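Asker: Listed below are the residues making up each chain.
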Amino acid sequence: MFYRENGQFKTSYRADQQILPIRQDRLLMAGLLVVAYLVVPWVASDYLLRAIILPFLILSLAAIGLNLLVGYCGQISLGHAAFMAVGAYAAYNLAVRVPGMNFLLVLLLAGVCAALVGALFGIPSLRIKGLYLAVATLAAQFFIDWMFARVKWFTNYASSGSVSTATVELFGWKIETPAEKYLFLLSVVSVLALAAKNLVRSHIGRSWMATRDMDVAAEVIGIRPVYAKLTAFAVSAFYVGVAGALWGFMHLGAWEPAAFGINVSLNLLFMIIIGGMGSILGSFFGAFFITVLPILLAQVPAMLGFNLSVETGSHLELMIFGALIVFFLIVEPHGLARLWAIGKEKLRLWPFPH
Amino acid sequence: MKLTGKLKLLAAAAVAAGVLASVVPQGPAYAQSKAVAKEQYFPVLVYRTGAYAPNGVPFANGYVDYLKLVNARGGINGVKLVFDECETGYATDRGVECYERMKGRNGGATVFQPLSTGITFALTDKAPGDKIPLITAGYGRADTQDGMVFKWNFPLTGTYWVAADILIQHLGKKEGGLDRLKGKKIALVYHDSPYGKEPIPLLEERSKMHGFELLQIPVTAPGVEQKSAWLQVRQARPDYVLLWGWGVMNSAALKEAQATGYPRDKMYGVWWAGAEPDVKDVGEGAKGYNALALQHGAEPNSKVAKDILRDVHGKGQGTGPKEEVGQVLYMRGLTAAMFAVEGVRRAQERYGKGKVMSAEQARWGYENLALDQKKLDGLGFAGVLRPISTSCADHMGSAWARIHTWDGAKWNFTSDWLQADDQIIKPMVKASAAKYAGEKKIAPRTVADCQA
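Sequence order for the protein chains is A and B.
Using the working numbering, count along the first sequence one by one with no gaps and you end on 354.
Using the working numbering, count along the second sequence one by one with no gaps and you end on 1452.
Hints may contain errors.
What the hints assert, rightly or not - A few chain B residues that face chain A, going by a derived Cβ cut-off under 7 Å, partial list only:
1. Glu1085
2. Ala1122
3. Asp1125
4. Glu1198
5. Lys1441
To be verified - Here are the simulated lysine-lysine pairs, DSSO-like style, with alpha carbons at most 30 Å apart:
6. B:Lys1280 to B:Lys1227
7. B:Lys1227 to A:Lys174
8. B:Lys1441 to B:Lys1430
9. A:Lys152 to B:Lys1227
10. B:Lys1184 to A:Lys152
11. B:Lys1182 to A:Lys152
Honestly, the hints are just simulated from the structure, not real lab data.
Since we're looking at a predicted model, the values are computed, not measured.
Every residue gets a Cβ at the ideal spot worked out from N, C-alpha and C, and that includes glycine.
Please model the entire structure based on the sequences and the hints provided.
Answerer: The following block contains the structure:
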């Protein structure tokens, strides 16, 4: 009834090709942004911001990055936490060695470093495909883990290999309180998510998708696989590298190489599988599912008044979380983003299904 | 109409998610009860699940049992204690989430004790902003001993630099003088994490001083697989092996040593590698294995352990099994809780007896701890601990430890009390803390701030 596009005529190509072609969607998105910018910082408690929303936003960005590579270009990677680590350590080194550098520039350069490393480790993808490539990307994970744990220069000769960051300052604005961090992150994530959305709609994104669907055919129609695959690796690693730098500076504050271990790589992969491969929106859903849900589940028994011991609670959390993963994958193997799309289709007909 | 079925599921899932989401914003409700708090709140970060649970559980039980004992004894000058647990699974991100969740509860957390070097590093960053002290008794960053830079950290009774220093001193004594260590080979088999790497600077310093060769052999966490590490040990044949492990890594190392034929009596563990869960499975195979004791060892005969059995377990309030009372890690948790409580008691002497102390007031208590032998004896810690007194410049309070040895059935003390050498550690702490202050752009505290 409310979600209909009757009477909304597209009179130009521009109007036809916009990201959100339906007016209701545009209103929803605008409303969401207004709430996110104007309401959330005032309403949300410190706990909600620091423990739930900040990690959710950063990991959404990382999931977008991985989705560009896996979902759009079809190259599986098990080494993306390593590119997060590259971003984080690059940002740390820039901040420590070049005092007074603008943090946005730090973020950008951290992303570029990660992109270079990502492209380097993307080279095997030109020869190896599918699961074999996934195994090859593990090399990135282990090599980079090893490098940051052993090469002391990267950690500025910290005695135990753990680094810590100073408060971030941007044009004289000290980003200290959770609300300030939230606003900064929200801006970075919104801009980068919009860029990603546009990138996948451009000719670059189309060349990635063609490579994903069938690389031989893509080559035949004139797409250079070297270029498509390496740009996908580089752009993906750029996003993940920026997310890594934000994870270090905005969320952790102090970290060790173990913070970017193989389990983070796997978590990122689960995020896009559950959220929806080849969908920017799905990256957000997936990040929500993997990061926020376990924390909520851990608190449900206490909220409902059950007095469980912590170990029972923690076991229960794992069991329910596992069951939910299986449930969602059975109901919709294409991820939560697909469920969202189906829901929207249904809503168009509602309440008259004929 | 298969899709409608799916849609119903979707709707159900959405409702469930909505319920979950509405649950979360109740977080701040805890904070609002601040004004009416009549009890001192101690959040307890535990890990009762995961790879490190065998060691985490007795520590947590000891911690909670002591808080129960204080309540049974009438609280801190009449102020009752409240506490609740949060499961971290030894994971840094979950630990930080627990901290955020608990810090505002019940009128505000008094002090946090993460029992994880990773979580300690992360919280060291957050505690000054929230004005909540951290006690890291026997773990955490070694340089946090410097209270002039680390205002909110309290590595009471020892850091890993103290541990490494005492171990080298002990080895020197065994050889008949520290100069006899010249030309010897000492291997450090360590958990490849900040925890395991923490002693390396001190060992390097000592190796330069005495001319022994230091082999660094990392073991990837959690440390179940150590074949390659022990192959290195077998090839290098070090005179001594220092074991810096935690959890399953310790028993795995002992089994590997047994398989490689490395003599266990040449192996020395840090105080987190010297408890019952580490050697129990190996049993006879671990006979002769030595470990540092962070002042206390297994103390089933101490007065405080007997008090717990009588006043807590005797009333059916015990947290864990009875047999565990007095074991090494149980005692570790118990003493950690004692420090937390005694700091508050000390703060009450200044800010008003019988009042609930804020975290900031408690911090003053931890900085001015004066636990002399008489007080410790009164608390039931006679023979368990030595006097501890902290100050602005020294947040550690004491640098003594002993060595105990596993005889196949129990831990026995096999050395005198040893004190770490301040002349080596002090300059290193100063330098490291100054570097941290530089990186974080924090100004060291002034003398006036110390007296406040």
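Asker: Evaluate each hint against the coordinates.
Answerer: Against the structure, the hints:
Interface restraint check: B:Glu1085 against chain A, minimum CB-CB distance 5 Å, threshold 7 Å, status holds. With 7 Å as the threshold, the beta carbon of B:Ala1122 comes within range of chain A, its nearest partner Cβ sitting at about 6 Å, so the hint holds. A hinted interface residue such as B:Asp1125 counts as satisfied when its beta carbon comes closer than 7 Å to some beta carbon of chain A; here the least separation is about 4 Å, so the hint holds. The closest approach between the C-beta of B:Glu1198 and any C-beta of chain A is roughly 5 Å, which is under the 7 Å cut-off, so the hint is satisfied.
The interface hint given for B:Lys1441 holds, since its Cβ lies 5 Å from the closest Cβ of chain A, which is under the 7 Å cut-off. Between B:Lys1280 and B:Lys1227 the alpha-carbon distance is near 21 Å, which keeps this suggested pair within the 30 Å criterion. For the proposed pair B:Lys1227 and A:Lys174, the alpha carbon gap of about 49 Å is over 30 Å, so the pair is violated. Distance check on the hinted pair: B:Lys1441 and B:Lys1430 sit about 16 Å apart at the alpha-carbon level, within 30 Å; holds.
Among the hinted pairs, A:Lys152 with B:Lys1227 is consistent with the structure: their alpha-carbon atoms are about 26 Å apart, no more than 30 Å. For a cut-off of 30 Å, the pair hint linking B:Lys1184 to A:Lys152 stands: about 26 Å separates their Cα positions. For the hint pairing B:Lys1182 with A:Lys152, the CA-to-CA distance comes to about 27 Å; that is within 30 Å, so the pair holds.
The structure fails to meet hint 7 from the earlier list, while all remaining hints are met.
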